[in-house]
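Trainee: Full structure from sequences and hints, please.
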Amino acid sequence: MADATRRMLYRPMTSRSPDEPHRAATPLELFFDLCFVVAVAQAAAELHHAVSENHIGHGVLGFLMVFFAIWWAWMNFSWFASAYDTDDVPYRLTTMVQIAGALILAAGVPRAFEHGDFLIITIGYVVMRLAMVTQWLRVARQDPPRRRTALRYAAGITVVQLGWVLRLLLPPSWGLASFVVMALLDILVPLWAERPAPTRWHPHHIAERYSLFTLIVLGESVLAATVAIEGASGTGHNAALIWLAAAGLVIVFSMWWLYFDRPAHDLLTSLKAGFSWGYGHFFILVAAAAVGAGLAVAADYDSHVAHVSGVAAAYAVAVPVAVYLLSLWVLQVCPHHRGLVVYAFPVTVALVLLAPFTPAPIQVIALLMAALVSVVVLASRSPSPADLDH
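In this text, residue positions in the sequence shown follow the numbering used here: the first is 52, and each later residue adds one.
These are calculated hints, taken from the structure and not from any lab test.
A quick note: this is a predicted structure, and the numbers were derived from the prediction, not measured.
Errors might be hidden in some of the hints.
Stated by the list, open to error - For each label pair, taking beta carbons as the anchor points, the in silico distance ranges come out as:
1) ALA297 x LEU144: 44 to 50 Å
2) ASP168 x VAL356: 25 to 31 Å
3) SER66 x HIS166: 42 to 48 Å
4) HIS358 x ARG199: 50 to 56 Å
5) SER68 x LEU219: 41 to 47 Å
6) ASN289 x HIS358: 20 to 26 Å
7) LEU115 x SER262: 19 to 25 Å
Cβ coordinates follow ideal geometry from the N, Cα and C atoms, glycine included.
Mentor: Here it is as structure tokens:
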């Protein structure tokens, strides 16, 4: 009993095996995701209000910037945990500091959208990332084969965080350019750090982590659309809202079905494949979150409270759906499928982008998504490229 207690209090942070059987997400990781989605919900809500008020460019840009911070901190934690999750007391406490940083970031989202003030968001982001530095320093002490890799991560993250703080001192006219530069530097840190000795992440675990976060983001989209439709239901346009709610459910259900058509862990065959798949998920996740905001804008339009045209309101749904499908096609469909499905996705994307010019655009998008699911289901009876190779 004493030995078990000591192991829970503190364990050496050595690399876990990438072949470890039955590796699954831990309760702490699930809690981490749940808290992070608070920030996603805040960003999506601000996007909804900005687009509905016809501040489209400002809203989309702010949403992408905020979502990058959320996604990047979540992704770095998930890959680190896949290689080094000790689940001891120091690890849990450090993870909770990262969660606190995510909540600070979420609290700063309204000020960022309304006043262009990124101070609170930056503080939250730096808290999350510096907590990650302490984890890497622990790896550097306790996992000698990957000491150089861990020190590169710690140094790279620290330098970039200093850059994010200094960015606050720049004039507002440099805001977008400086953000792009800092985001690129952040993205380059793992590519540089992994060169000496790559970390040993678990393919099944990584695929499950991304799947779970995608599920949570899709659920947030359903909640955002439901709240918007409920709020508009007293405006006397209930019939239109009922049709919108039904179409919105079909769209989100189809997004779930298409993502989970086949497991993705068999695509993560190398570090390069892992980077491509993991980085590419930014577009899947940001699009999934934006769909809920778009459906909320459509509800505002049907209730005659939006300050945008019908075409613009429809594109608030069509664009994120198209981005979602196109990203999914590149990352998971083309490697798994051949024949009709490979062509069905880009054709559907093109038709979705034309749907806003039809009399019932959201319903048309729902029909297109349902049709695409039908094609995928029929194609699932055929062997995959991997099956054919065997």
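Trainee: So, against the hints stated earlier in the document, which numbers end up violated here?
Mentor: none
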